[in-house]
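Asks: Protein chains in written order, with the numbering used here: chain H, 1 to 220; chain R, 1001 to 1085.
Just so you know, the hints here were simulated from the structure itself, not pulled from any lab data.
Treat the hints with caution; some may be incorrect.
Derived pair list, reagent style SDA-like, types lysine to any residue, alpha-carbon separation capped at 25 angstroms [what the hints assert, rightly or not]:
{"#": "1", "chain 1": "R", "residue 1": "Lys1014", "chain 2": "H", "residue 2": "Leu158"}
{"#": "2", "chain 1": "R", "residue 1": "Lys1058", "chain 2": "H", "residue 2": "Leu128"}
{"#": "3", "chain 1": "H", "residue 1": "Lys63", "chain 2": "R", "residue 2": "Glu1030"}
{"#": "4", "chain 1": "H", "residue 1": "Lys66", "chain 2": "R", "residue 2": "Thr1006"}
{"#": "5", "chain 1": "H", "residue 1": "Lys66", "chain 2": "R", "residue 2": "Arg1083"}
{"#": "6", "chain 1": "H", "residue 1": "Lys113", "chain 2": "R", "residue 2": "Glu1030"}
{"#": "7", "chain 1": "H", "residue 1": "Lys54", "chain 2": "R", "residue 2": "Leu1039"}
{"#": "8", "chain 1": "H", "residue 1": "Lys63", "chain 2": "R", "residue 2": "Ile1042"}
{"#": "9", "chain 1": "R", "residue 1": "Lys1014", "chain 2": "H", "residue 2": "Asn184"}
{"#": "10", "chain 1": "R", "residue 1": "Lys1053", "chain 2": "H", "residue 2": "Asp108"}
{"#": "11", "chain 1": "R", "residue 1": "Lys1014", "chain 2": "H", "residue 2": "Asp108"}
{"#": "12", "chain 1": "H", "residue 1": "Lys113", "chain 2": "R", "residue 2": "Tyr1055"}
{"#": "13", "chain 1": "R", "residue 1": "Lys1014", "chain 2": "H", "residue 2": "Glu205"}
{"#": "14", "chain 1": "H", "residue 1": "Lys69", "chain 2": "H", "residue 2": "Thr127"}
Next come the chains, spelled out residue by residue.
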Amino acid sequence: MAVATWLWFLKMKSNNMPDQFYIQDWIRIKNGRIFTGEKLIFESTEKNLTCFLKACYDFLDIKYPKFHKMDGLSKLGILASEPIFNKYELTKETALVFSNNASSLETDLQFQKTTNTFSSPSLFIYTLPNIVLGEISIKYKLQSENAFFISECFQADLLKDYTESLLNLGKAPDVLCGWLDLQNGEYDVFLCLVSKEKNILFSEENLKNLYYAENEKPTH
Amino acid sequence: MKNLRTELKESIIKELNLEDMEPEDISNEEPLFGDGLGLDSIDALELIVLLEKDYGIKLTDPAQSKEIFVSIEQMASYIEENRTK
C-alpha cells in the first residue's frame, strides 16, 4: 500500500512538473571560425568583415541572392541559422529569441554617413536589430513568435526564461535563441536550438558554459 | 566615353549589390522588376537616389519611376533627355 501511494505521488509530481527542455544543437561564429556544436566546420584568416561573410556564404553553399543586399547583422543571422535549418526539419512555428549588445549600431553609423550626401534606403531598412529576425523568417518560411533583446552582456537568465515561457505556453515547439552581436567589424554569434529532444539540459549554467567556451573576449 | 547603358548596368550591379552578375548578363530591354532582374521596392528607391546622385535628376512624382524603371533602355532614354550632369 505504501509503495502504491509512493508511485502515485511520483506520477502526480511528474504530471505537474513543467516540461524539460534541451539544447539540441548550437552554432558559434567568432574570430574567423564557425562551430556547429563542438565541431569546427569553417576557418578563415580574412579580416575584412564583408569578405569573411562572403567566404562563409560560399562555404555553406547558400544560394540566396538577397543575402548580398543585407547588412552585416542580418548576414550573420542567416549564416548562423543555415546549418541549423539544414540539419533539422523545423516547423514554421520555430520561434526566434535573439539578443545583443550593439543593437544595429554598425548599420546605424553607416546610414548616418550617407545622410551627409544621399541617404541610402537599402541601409535605412536595416537600422533596427530585429530586421534580422524578419530576414530569417522570410528565408526559412517561419510564421512564429520572435523577440530581440538588447542587453549589456550575454544574459543567460533572460534567454532561458523567455525561451522556456514560449515552449511551456505552447507558443512554439522549438526555439532558436542566443546572442548575435556586431560592432566595429567584430562579430560574436552564439545561437542554440532548444527543444524537447534530449541532449544538453537547457539551463543558465549550460548556456553560459557553451557561450563562454569559445568566447574569451566578447565584443562588448 | 563609356556607353550610358553599360554605365547604368555597372551602377545598378554595384549599388544594388547584384552579386555574381556582370553587365553582359543584363539586356537593354529586360524588365528590371518582376520576372526580369527581380528588383524590389527598396531597389526602386535606390534607383531614384542613383538618378539624382549620378545624373542630377530629381524625381518628384513616384508614379514616374514606374514608367522610367521599366528597362535599362527606358532608363537611359529618360536620362539622356533630362540629365543635368
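Asks: All hints are to be evaluated individually against the structure, with a verdict given for each.
Replies: These are the hints, each one checked on the structure:
1. Lys1014/R / Leu158/H: violated (41 angstroms)
2. Lys1058/R / Leu128/H: The hint is violated at about 28 angstroms.
3. Lys63/H / Glu1030/R: holds (23 angstroms)
4. Lys66/H / Thr1006/R: holds (23 angstroms)
5. Lys66/H / Arg1083/R: violated (31 angstroms)
6. Lys113/H / Glu1030/R: violated (33 angstroms)
7. Lys54/H / Leu1039/R: holds (21 angstroms)
8. Lys63/H / Ile1042/R: holds (21 angstroms)
9. Lys1014/R / Asn184/H: Satisfied, since the Cα-Cα distance of roughly 23 angstroms is no more than 25 angstroms.
10. Lys1053/R / Asp108/H: With a Cα-Cα distance of about 21 angstroms, the restraint between lysine 1053/R and aspartate 108/H holds, given a limit of 25 angstroms.
11. Lys1014/R / Asp108/H: holds (21 angstroms)
12. Lys113/H / Tyr1055/R: holds (21 angstroms)
13. Lys1014/R / Glu205/H: violated (46 angstroms)
14. Lys69/H / Thr127/H: With a Cα-Cα distance of about 14 angstroms, the restraint between lysine 69/H and threonine 127/H holds, given a limit of 25 angstroms.
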